[in-house]
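Trainee: Got chain A sorted already, so can you dock chain B onto it with the hints?
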Amino acid sequence: MLAYVIRRLFAGVIMLIVMSIVTFALFFASPIDEASFICGKNCSAAQKKQTSAAMGYDDPFAEQWWKFAKGVVQGRDYPDDPQLRETAPETIVHCDAPCLGYSRERGDTVTNLIKDTFPVSFSLAVAAFILWITGGVLLGVIAALKKGTVIDRGLVGLSLIVYAFPTFFVGLVLYKFVAIKWGLTEIPRYTSIAEGGVGGWLSSLTLPAITLAVFFMAAYVRMTRSYVIESFQEDYVRTARSKGLPERTVTFKHALRAALTPIVTMAGLDFAGLMGGAIITESVFNYPGMGKLAVRASQDFDLPTTVGLVVLLAAFVIIANIVVDLLYAVIDPRVRLG
Amino acid sequence: MAFKKPLAAVAATALAATLAACGGGSDDGNNSGSSGGKAEKGGNAIFLVGVRNVEHWDPQRMYFGRDLNNSGRLFYRSLVALPASNDKVEGTTPIADLATDTGTTNDGGKSWSFTVRDGVKWEDGKEISCEDFKYGASRNFATDVIIGGPANYLFTYLDIPSGSDGLPEYKGPYNKKGQDLFDKAVTCDGKTITYRFKKAWPDFPLSIAQLRYMDPYREDLDKGDANNFAIISNGPYKLDGAWKEGTGGKFVRNENWDENTDPIRKAYPDTWDFREGDTDEAIYEQLLADSGDAQYSVTERRLPPALFSRKDEAGDRYTQVESPSVDYVLPNFNSPVFKDANCREALKLATDRAAWIKAGGGDQYFKSADSVINPSVPGYKSNPAFEAMGESGDPDAAKAALDKCSAPKPVKIKFTYSGGTPTSDKQASALKAGWDKAGFQTELDPLEDTYYSVIQKPDADFDVTWGGWGADWSSAGTVIPPLFDSRINLTGDSNGNDYGNYKGGPEVNQMIDDAYAEPDLDAAADKWSAVDAKLGEDVAYIPLEITIFNFVHGGKITGYANNISVNGYADLAVLGVQS
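Same order as they appear, the protein sequences are chains A and B. Take the first sequence: its letters are residues 1 to 338, numbered as in the numbering used here. Take the second sequence: its letters are residues 339 to 917, numbered as in the numbering used here.
Hints are computed from structural coordinates only; laboratory data are not their basis. Hints are supplied without guarantee of correctness; some may be wrong.
[What the hints assert, rightly or not] With beta-carbon atoms standing in for the labels, derived distance ranges:
no., chain 1, residue 1, chain 2, residue 2, range
1, B, P746, A, K70, 54 to 60 Å
2, A, E63, B, D503, 55 to 61 Å
3, A, E90, B, P499, 24 to 30 Å
4, A, E90, B, A771, 57 to 63 Å
5, A, P82, B, R825, 33 to 39 Å
6, B, P746, A, V295, 45 to 51 Å
7, B, D831, A, V13, 39 to 45 Å
8, B, A771, A, V324, 36 to 42 Å
9, A, H94, B, S502, 30 to 36 Å
10, B, P746, A, I161, 55 to 61 Å
11, B, D631, A, L26, 38 to 44 Å
12, B, D631, A, A29, 42 to 48 Å
13, B, D497, A, E90, 46 to 52 Å
A virtual CB, placed ideally from N, CA and C, is assigned to each residue, including glycine.
With the rest of the complex left out, here is chain A:
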C-alpha cells in the first residue's frame, strides 16, 4: 500500500511538471506580444524591449521555466536584479517557497492571490456541495422508492429539465429576477465570515450556491435513483428479505448503504474539481474566487497567475484521484492495491 502511494505521488509530481511546461509552451506559442500589454499605449520600441526584459520574457523558454521550477523549491526575488538589491532593496518583492510566481498585472505573488481567492471558491463549493448532496440524494432515494409513480416520473422529468439548463442561464435568471427585480435577496456580493459573521457569509452564498448546486443536484437525483434501484435487485437484498428482515432494515441497512458508496466517491471528485473555482458561477455573480481569477489571468496574458492556477488545480485533481483510489480499497475488499 505504501509503495503504491509513493508511486502514485511520484507520477503526480511528473504530471504537474508536464502541466507547467505545457502551459508555458502554450503561452509562448501565442502570437500576442505580452510586453505590449504591460507597457501601455504610448510605448516606444526601446521601452517595450526593456519591459520584456524586466518581466523575464526575453529569456529563453527553457530558462524561464527553470526559474519558475526553482522558485517553487527555493523561493524567488522579483525583480531578480542583483544591482537593485544593492541600491534599492525596498523595491524587491521576496516570494517564499513554494513560490508560484509574481503577477505584475495584479501586483502580488501568485501564492497571495491564491490565499485571497481560495476561501471564496471553497465557501462556494462547500455550500453548493451541502445543497446538492442532501437534495440530490434525498430526492433520488424518494424517486427510487416510489419507482414508476407520478412522484418518480415528476422528479426524473424535472431533473432532466434542470440538467439541460446551462449554469450561466440559471445564474443570470436568479441574479436578474430574484435579486434585482423582485428584491427577494440582497444583490449578491461575497462577504467573508470576518466581515459579516456566519450569517452574512451564508446569506452572501445563497444565490451562487443554488446556481452551482442545481446542475449537480439534477445529476445526483438521476444517479442516486438508478444506483438504489439497481441495489434493490441485488441478491443480498433478496436474501435479507427472505430472512424476514423488516422492509425498513432492508432499505436502509442493505440497499441504500451499498448504493451510496459510488455516490460518495463521485461526490468527492466533483467537490475537488470545484475547489479550483467555479468559473461560470463566479463570473456571473462577480465572486472573487479562483475561477474568476483564472478567467482574468487568461484575458490579461498573465502567465505567472495562469501557470500557478493550472498547477494548483492539477494538484487538487491528482490528490483527489489518489484519495479516491485509496478509499476504494478501504470500502471494497475486492480492490487490492499494490
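Mentor: What follows is chain B alone, placed relative to chain A:
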C-alpha cells in the same frame, strides 16, 4: 488609446466631451448635464468600476482616463488641475492646486517653475515638499520598474540626453545612474521647483493637469512595482485598508486634507466604495431598477446596446456624452495596392461612414467624424480632404479614382479589424459593401486578442486596418505625432501606433517640428490643423466616427455632472449622495 482591450480603447485619456442631457446630442459644450439636486455632505457613494479593472494607482504609471480623473478628484492632487466645469474654456484651463499659481516661464516655455502651497500635507500629516515633486518626476525614468505610464512625453522634453538604447541616460531613482543629469534638469529652491526642457513646452501645465506623471511621490514609502496599487493620498479621501485587484477598495475621509487649501474638491460623501468586476449588464440592470446600492452609484461603463431600449426607465438619470476619441480606418502604405495615391483616394471616396454608424447602432451611439482630431481639442477643424466623400461615400467618384489606380483589377484588399463581436463584424461588412461597390474586392479579417500584435508589424499583409485614439491632454500635439510621426513610430520591428506605416517625409516632419516649437498655443493649434490637412491629402487615415457614451447614475446621487474637465465622465469632485 491603443492597447489592452480594443473596445475600451475608444475611452482614452483625453480631452473632453460635450454633453446633452437626455438624448439631445448637442455639441455646444455648455449643457450642464447635472441632475439630482444640490449636493450636501455625508453619506456613502459607490463607483462601479466594472469589468475593466484599475491597472495602476501609482500616479507615474496611470494612463487611463477614468482612473486619472477619479484619482485626481478624490485622493491625488497635482501642482495644477482642471476646475469642475463643463465650460469648454474654463473646464480645460488649469488652475493652481498644490502650487500657489499656474506656473511661470520666462523663456517661452523652455523652463517652468511652480511654488508649493503652504499647509498641504500627505495623509500621514507630513508636509508636501518640493523634493516630493522632484522625486515623483524622477520615477518616470525607471523604465524597468515604473512601466505603463506616459513618461515618453517627459523623455522628449526634459533636458536629459538619450543614450544608444533610445532611452534617457538617467535611469531613475532606484539605481541612480545618471542622477546628476536629472539633478540639473529638475531643481528645488526652497518650495519652488523648476523643470528645464530641451525645447519649449508651452502647454506643460495643461499636460500635468490632465495626466499624473508629475505628481509628487514619497521616497520613504516607495516600494517600486509593489506600490502599483498603493495609494499615498494628499486629497480628501484615503484608502481604508488595501486595494484588492479584481474586487476594489473603500475610501474614507483623509483628516490631513484641508479644504481651505483646495479650490476644486468638494468631498461631499463620507466614503467612496470602488467596486470592480461587475459586467455592464449587471451594472445597468441595477441602475435601471435603481434599487439597493445602485441608488448611490455612478459608473464610467456605458449602457449596453441590449438594454438601450429601456433607457427611458431612468428618466433624467440618463445622460449622453460624446467620447473624447475618434475612430478611423487607415490604408497600409506598405501594401502593394495603397502605395499608390490614386488607390488610397479611391478607398477614401468609397468609404461609407453612414453605413458603418448604422451597423453599429445608429446615431444614439455614434456621430460622424471629419478629422482624427476630436472637436473638443484646440486645433480641430473639419479636414477639407474628407469633405468630398460625403457621409455615405461617393461611389462614382471612387470608381473614377480606382480606374487610375495602378493595382490589377479587380483590386483585391484585406481589411484587418478588431473583431470578435457581432457589431464589429456588421460594421466591417458595411464598409466592405461600400468599397466593393466602387470596384474593390474586400476580404474581411477579424482578429481578437492578437489584433494589435498583428497590425503593429510593418510586414503584416493587411491593406486596410482600424484605429481609435484620444488626446492625452487638450492639444493636437498628443494626437498627430503619436499616430503619424514616422520618426517615433517606425522603429524596424514595429510601427508603434502608426499602423498604416505612413511616412510623412521631410515636409511633414518639418511641419510637426514647427507646430511643437510654436510658443503661442493658438498658433500651435493652427499648425497642427495644417498637419492634419496634409495627412488628409495623403489619405494617411479616413475618419469614421466619435462614439457617444450613454450613462445612467443612481437616483440618490446629487450634483451629478458630466464635466468637460473629466472628459465628460461623472465629476467625482462635486457629486454627493442623499443621506
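Trainee: Taking the hints in turn, state whether each one holds.
Mentor: Tested hints:
Judged by the Cβ atoms, the range 54 to 60 Å given for P746 of chain B and K70 of chain A holds: they are separated by roughly 57 Å. Against the hinted window of 55 to 61 Å, the Cβ-Cβ separation of E63 of chain A and D503 of chain B comes to about 22 Å, which falls outside the hint. Take E90 of chain A and P499 of chain B: their Cβ atoms lie about 29 Å apart, and the range 24 to 30 Å holds. Taking 57 to 63 Å as the suggested C-beta distance range, the pair E90 of chain A and A771 of chain B conforms, at roughly 59 Å.
The hint said 33 to 39 Å for the Cβ distance between P82 of chain A and R825 of chain B, and at roughly 36 Å that hint holds. Between P746 of chain B and V295 of chain A the beta carbons are some 47 Å apart, a value that agrees with the proposed interval 45 to 51 Å. Checked against the hint of 39 to 45 Å, the pair D831 of chain B and V13 of chain A passes, with Cβ atoms roughly 40 Å apart. As the Cβ distance of A771 of chain B to V324 of chain A is approximately 59 Å, the hint placing it in 36 to 42 Å is violated.
Between H94 of chain A and S502 of chain B the Cβ separation comes to about 33 Å, which falls inside the hinted range of 30 to 36 Å. For P746 of chain B and I161 of chain A, the hinted distance range of 55 to 61 Å is satisfied, since their beta carbons lie about 60 Å from each other. For D631 of chain B and L26 of chain A, the hinted distance range of 38 to 44 Å is satisfied, since their beta carbons lie about 40 Å from each other. Between D631 of chain B and A29 of chain A the Cβ separation comes to about 43 Å, which falls inside the hinted range of 42 to 48 Å.
One distance hint, 46 to 52 Å for the beta-carbon pair D497 of chain B and E90 of chain A, is violated here, with the actual separation near 29 Å.
Figure legend: structure checked against the earlier numbered hints; hints not met, in rising order: 2, 8, 13.
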